[in-house]
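Line by line, the protein sequences are chains A and B.
So for the first sequence, our numbering puts the first residue at 4; every next one is plus one.
So for the second sequence, our numbering puts the first residue at 392; every next one is plus one.
Think of the hints as simulated: they come from the structure by calculation, not from any bench.
No residue lacks a Cβ here, since even glycine has one placed at the ideal position from N, Cα and C.
One or more hints might be untrue.
As the list claims (entries may be wrong) - A few chain A residues that don't get close to chain B, going by computed Cβ distances all over 10 Å:
| # | residue |
| --- | --- |
| 1 | Glu16 |
| 2 | Leu34 |
| 3 | Glu47 |
| 4 | Phe53 |
| 5 | Tyr121 |
| 6 | Lys188 |
| 7 | Ala193 |
| 8 | His236 |
| 9 | Arg243 |
| 10 | Ile262 |
| 11 | Val266 |
| 12 | Gly271 |
| 13 | Val330 |
| 14 | Thr331 |
| 15 | Ile337 |
| 16 | Arg344 |
To be verified - The calculated SDA-like cross-link candidates involving lysine to any residue, where the alpha carbons are at most 25 Å apart (straight line), are:
| # | chain 1 | residue 1 | chain 2 | residue 2 |
| --- | --- | --- | --- | --- |
| 17 | A | Lys90 | B | Leu433 |
| 18 | A | Lys220 | A | Trp283 |
| 19 | B | Lys491 | A | Lys90 |
| 20 | B | Lys491 | A | Gly271 |
| 21 | B | Lys403 | A | Asp75 |
| 22 | A | Lys298 | A | Gly271 |
| 23 | B | Lys434 | A | Ala145 |
| 24 | B | Lys678 | A | Glu345 |
| 25 | A | Lys298 | A | Gly318 |
| 26 | B | Lys678 | A | Arg226 |
| 27 | A | Lys38 | A | Lys225 |
| 28 | A | Lys92 | B | Lys403 |
| 29 | A | Lys270 | B | Pro405 |
| 30 | A | Lys316 | B | Asn404 |
| 31 | B | Lys479 | A | Lys220 |
| 32 | A | Lys225 | B | Pro658 |
| 33 | B | Lys403 | A | Glu73 |
| 34 | B | Lys678 | A | Asp238 |
| 35 | A | Lys270 | B | Ala671 |
| 36 | B | Lys403 | A | Glu345 |
| 37 | A | Lys316 | B | Ala671 |
| 38 | B | Lys491 | B | Lys590 |
| 39 | B | Lys403 | A | Asp62 |
| 40 | B | Lys590 | B | Asn404 |
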Amino acid sequence: MASYILKKSDLAEFVESLAGEFPAGVLGPVLKDGKMVLAAAAPEEFRLDFQNTTLSPKDLFFPQSEKMLEFDATPGGEGAFILEDVKEKPQRRLVLGIRPCDAKAFAVLDTIFTNDQYRDPYWADKREATTLIGLACNDPCATCFCTSVDTGPFYEEGLDALAVDLGDKLLLKSLTPKGEEVLNKAKGLAPAKAEDEARAQELQQQAEATITDKLEKDNIEKRSVMELFEAPHWDEVQERCLNCGVCTFVCPTCHCFDIQDEVQSGKGVRLRNWDYCMSWLFTQHGSGHNPRPDKKSRVRQRFMHKFKYIPMKRGGAIGCVGCGRCVTLCPVNIDVRDVVREMNA
Amino acid sequence: MGCTCKDEGRVKNPYRPYPVRIEQIVVETEDKNLRTYKLVFLKPEDEAAFAYMPGQFAELSIAGAGEIPIGIASSPTEKGFLLFTVNKVGAVTTVLHNMKEGDIMGVRGPLGNCYPLKDLEGKNLLIIAGGFAVTTLRSTIVWLLDPAHRSKYGKITFVYGARTPGSLLYKEEWEAWQQRDDIDCYITVDKEFPGWTGKVGFVPTVTAEVCPPAENTYALVCGPPIMIKFTQPVLEKAGFTPEQIIMSLENRMKCGIGICGRCNVGPEYVCKDGPVFTLAQLNQLPKEY
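Given the sequences, and given the hints that come with them, work out the whole structure.
This is the structure in structure tokens:
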């Protein structure tokens, strides 16, 4: 795979030269209604001076609400109430400027949405139709702890290409055949020089060095499910937790969903909507019995899922990428880093 | 213990149900809350694709209402239809209970693992059921009694109990099994009822009376939590190890394929890694079911 240089002044030319390849558009980081988002916009609006998008970009592949199946809901109609696949298929799109932690989250979710037996077509089709060019973090946030959870500010897994901001220019490194294909077709690129690569390395070391928070997880791995489950510290975590679910809303790896049907004017759809493990209804049986009946069991589930269950089931992959959004937004200041330290203590 | 039912679900959309027609509805219990639905595939090729084993479940899918995970009560040895016995408890089951013969609905599956029947060849089986949890065990017994399978297994003992005679499912079938000499059936109700000539007593008590020697025997247990709680010590006293006790769990589900995140018990998804677990496995897991 090859490395290229793109002058920032040539960014618009770069984007425009690729626009024809991507019928679903070229998305990049833009400021919209006071929030950083990844969205289609004129290349001049793309920003490189941001720390991360306000929300996780998981909705690129897992929208908050999504049509799964449709049906004719005319009573007595021919073929009525038979659920059919949605006709529209996702089209090719290019996403610029996604942060490496969020791309790593996609790599983790790939192993969940496509498991040994089943392929979730809604997630997987969109993943396949999308090319991701990441933007390395030269300046991580104070709440970032990516280097503790098997990723990092320049991490490459989940991306097709990675851009590093070298001041007035970007170093672009292709990482997959999909990424290489895009960079080959793009205009405005020149081959990278050894000094550019050396500068990128330097920036990587500096960025990694600013993330001083280090989490140990070796005991979590060694301890049994029951030992972690029955540990006393959950009593303290649950005292503060409101089960509000904002952590799950902003989390790039939280992927639980509900399925609901809607009928309007003779047309029916089956939808999937984001759901969250902090809700009592999430696990409530029809009989009224609830296997996770209280706040404690629900907040514990979230951390156990990310730091014990996913690693056990997905070859060690951790269900957290250290983006720190939940740390910033939790209304009662529950810090996932503290919880992991307690689990590992 | 492994199950032998893992199929290749990666080619098709695993969320799209097969269309089926309700061929017959049988009211099973006195209170009319349990009905058995006989479903026939609209497309013959779907029936071939729906290859299942006893213990697996499916999502019954009613467009406009939603889906419910229900154990498959028919046996794969019964061709041309599927059976599901459904208790009326919530929104979707209520809609289903209002549907008529001839109506169109959907079935998505088969889902989950099955009873490890391959590994149980050569063993004696003690099958214990309580209330309406008997469904997938009906599937198992029909499968075991099929001439192609019966000779591969040792002695089969079946204990089945319900509160009242009117709440026992599949009456004609267990009456027929009682006439056979290749299965010992003990059907019991909680207390005396006029006209009831069968056994009287709770399932754990009857199990203690008729329990075969634990050696080379495996127990398949399905029932309400209270029955399981009191049956477990009976089996332990009789010498059954946790590896010899096989159970089936249920939890709230949506996707049924190990993705949507709600039915887990520790790291195991009841929908995909289960619903069948040995007691030895469950002893390592939180009681979140």
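Comparing the hints with the structure gives:
| no. | hint | verdict |
| --- | --- | --- |
| 1 | Glu16 | holds, 40 Å |
| 2 | Leu34 | holds, 32 Å |
| 3 | Glu47 | holds, 40 Å |
| 4 | Phe53 | holds, 30 Å |
| 5 | Tyr121 | violated, 4 Å |
| 6 | Lys188 | holds, 31 Å |
| 7 | Ala193 | holds, 42 Å |
| 8 | His236 | holds, 16 Å |
| 9 | Arg243 | holds, 22 Å |
| 10 | Ile262 | violated, 5 Å |
| 11 | Val266 | violated, 5 Å |
| 12 | Gly271 | violated, 5 Å |
| 13 | Val330 | holds, 22 Å |
| 14 | Thr331 | holds, 23 Å |
| 15 | Ile337 | holds, 20 Å |
| 16 | Arg344 | holds, 22 Å |
| 17 | Lys90(A) - Leu433(B) | holds, 22 Å |
| 18 | Lys220(A) - Trp283(A) | violated, 29 Å |
| 19 | Lys491(B) - Lys90(A) | violated, 31 Å |
| 20 | Lys491(B) - Gly271(A) | holds, 21 Å |
| 21 | Lys403(B) - Asp75(A) | holds, 21 Å |
| 22 | Lys298(A) - Gly271(A) | violated, 35 Å |
| 23 | Lys434(B) - Ala145(A) | violated, 59 Å |
| 24 | Lys678(B) - Glu345(A) | holds, 22 Å |
| 25 | Lys298(A) - Gly318(A) | violated, 29 Å |
| 26 | Lys678(B) - Arg226(A) | holds, 18 Å |
| 27 | Lys38(A) - Lys225(A) | violated, 41 Å |
| 28 | Lys92(A) - Lys403(B) | holds, 15 Å |
| 29 | Lys270(A) - Pro405(B) | holds, 22 Å |
| 30 | Lys316(A) - Asn404(B) | holds, 23 Å |
| 31 | Lys479(B) - Lys220(A) | violated, 46 Å |
| 32 | Lys225(A) - Pro658(B) | holds, 15 Å |
| 33 | Lys403(B) - Glu73(A) | holds, 16 Å |
| 34 | Lys678(B) - Asp238(A) | holds, 18 Å |
| 35 | Lys270(A) - Ala671(B) | violated, 48 Å |
| 36 | Lys403(B) - Glu345(A) | violated, 43 Å |
| 37 | Lys316(A) - Ala671(B) | holds, 19 Å |
| 38 | Lys491(B) - Lys590(B) | violated, 36 Å |
| 39 | Lys403(B) - Asp62(A) | holds, 23 Å |
| 40 | Lys590(B) - Asn404(B) | violated, 48 Å |
Against the hints set out earlier in the document, violations occur for numbers 5, 10, 11, 12, 18, 19, 22, 23, 25, 27, 31, 35, 36, 38 and 40.
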